[in-house]
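Can you make the complete structure from the sequences, with help from the hints?
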Amino acid sequence: AQSVTQPDIHITVSEGASLELRCNYSYGATPYLFWYVQSPGQGLQLLLKYFSGDTLVQGIKGFEAEFKRSQSSFNLRKPSVHWSDAAEYFCALNSGGGADGLTFGKGTHLIIQP
Amino acid sequence: DTAVSQTPKYLVTQMGNDKSIKCEQNLGHDTMYWYKQDSKKFLKIMFSYNNKELIINETVPNRFSPKSPDKAHLNLHINSLELGDSAVYFCASSHRLDTQYFGPGTRLTVL
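As you go down the protein sequences, you meet chains A and B in turn. Numbering of the first sequence is given in our numbering, commencing with residue 1 and proceeding in unit increments. Numbering of the second sequence is given in our numbering, commencing with residue 1001 and proceeding in unit increments.
Hints are computed from structural coordinates only; laboratory data are not their basis. Glycine included, C-beta positions come from ideal geometry on N, C-alpha and C. Treat the hints with caution; some may be incorrect.
From the structure, some residues in chain B lie toward chain A, with a derived Cβ separation under 7 Å [to be verified]: (1) TYR1033; (2) LYS1041; (3) PHE1042; (4) PRO1066; (5) HIS1095; (6) THR1099; (7) GLY1103; (8) PRO1104; (9) VAL1110.
So this is what it looks like as C-alpha cells:
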C-alpha cells in the first residue's frame, strides 16, 4: 500500500532563514506528488506538484521541491521564509490509478520566529 | 468566483441527528472527492465520484453517503451522527488525475 511520511511534526524557523520540509513516500512506481499548505481555519492550497520530467519543480510563494527517486523523497524548500509562511504543510501522493484520492502525510506545522 | 465551495462552514448538531454538507465546483472538473480531517489534522479520502459514478469508497461507515445530482455537485449525507464524526470535512475536485482543488472545509461538531 502507498504511504507518505513527513518526519517532522513541528519545525521552527527564524524569519528570513531557509526552510526545508521533508517528505518520503512509499509506492511501487513513480507517483504524482504534491505539496499543499493549510493556513489556520482555511482549506488546502496547492504549492506545487510533480508528475514527470524535471525533478526540480517551482511553485507559488517562492517554494520549490525536488523529486529524488533513489531516496523516495520530495522535499520542499524555500530560501527565505516570511512570517506569513506559518501554516501546516502537507505532502501528498496520487498513485494515478484512476480517480484515486490523495494519500496525505500527517503534516508539518511550521512556526516562524521573529 | 469561488472554485470549490461548501456549505455550511460550521455545523453543530446533536448525536443521532442526520445532516448534509453541500459541495459545488465551477471548474468543469469530472471528478469530486470528500476528505475527512481529524483533530490531529490527518487527512483521509472518504469518497470520490467520477461522472456521477462512485469510484472508490474507503472504509467509512455506511451512515455516510455521497450523492451527486450532477457533475458540479457532490453532497455528503450523514445519518445517525456520532461523537466520533466530529471533524473537518473537505470537498475537492479535479480533472482526471490532475491537481485536486479543495473547498474551504466544513467543521462538524457533534454534541
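Tested hints:
no.	hint	verdict
1	TYR1033	holds (5 Å)
2	LYS1041	holds (5 Å)
3	PHE1042	holds (6 Å)
4	PRO1066	violated (12 Å)
5	HIS1095	violated (10 Å)
6	THR1099	holds (6 Å)
7	GLY1103	holds (6 Å)
8	PRO1104	holds (4 Å)
9	VAL1110	violated (19 Å)
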